[in-house]
Amino acid sequence: MVSLDHIPRQSFILRAGLKEQPRTRDRLPQHSDGSNGTCSLCNSQIETHDHLFFDCTYSRLVWEQVNRLTDLTWPNLPWQDLLTWASQKWTSKFQFSHLLAKLALSTTCYFLWQERNKRFFQQAHRPHNAIATDIIQQIRRQVNNLKKHYTISATQQFLWGTSFGHSGPSV
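Each residue of the sequence shown is one higher than the one before, starting from 0 at the first, in numbering that gives the first Met the number 0.
Read the hints as simulated data drawn from the structure, not as lab findings. Treat the hints loosely; a few may be bogus.
[Said to hold, decoys possible] Computed spacing ranges between beta-carbons, pair by pair:
| id | residue 1 | residue 2 | range |
| --- | --- | --- | --- |
| 1 | A153 | I45 | 44 to 52 Å |
| 2 | A123 | N35 | 17 to 25 Å |
| 3 | Q87 | H148 | 21 to 29 Å |
The model shown is predicted, which means the values in this text are computed figures rather than measured ones. The beta carbon of each residue, even a glycine, is placed where N, CA and C say it ideally should be.
Starting from the given sequences, assemble the full structure and let the hints guide the process.
Here is the structure:
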C-alpha cells in the first residue's frame, strides 16, 4: 500500500480512500444532504471515488498539473486500480522519485478532499491552479523537512530546492 506514516492527515485520507470510506455523495443516504449527489468540484457527474480521484475534470486538471511539476507519469486508471498500481510501482523507501510519487498522490488526494468539503459545506471555491500550487508548496515543505538520505538526481535537487542525500542517476 502507498503509505506515508509521518504525514498523518494525508495518510488518513489516502488509507480511507483505499477502503472507499470517506463518504462520497453517492454513498450518503438519499437526499440527506439536500442534493442530487452531483460532484461539488465539477457539478456535472455523480460523485464517486473513481470520479473524484481523477475522472472529474477539476481533479484531473489539478492532478495533471501536479504531475507536470513533479515530472511523474501515472496511468489513467480507476481509483482502486491506480492505488494497486502505485503500491506495486513505487515501492522503494530510499529512492526520491518513489517518495515524491507517494507525496504527490497523498497530498493531491488530501487537498482535493479538502476543496470538496469547502465547496460542499462552506460554498468556497478555488481555481484548480491555486490548489495545484498549494500542493506543490506542501510537497516542497515536506521534502525540505526530510531527514533520510535518498538517491536524488541533480535535477531533482534543483527542482525541489534541497541538497540532502547523495546524487544518483535520475530515477
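Results of checking the hints against the structure:
no., hint, verdict
1, A153 <-> I45: 44 to 52 Å, "holds, 46 Å"
2, A123 <-> N35: 17 to 25 Å, "holds, 21 Å"
3, Q87 <-> H148: 21 to 29 Å, "holds, 24 Å"
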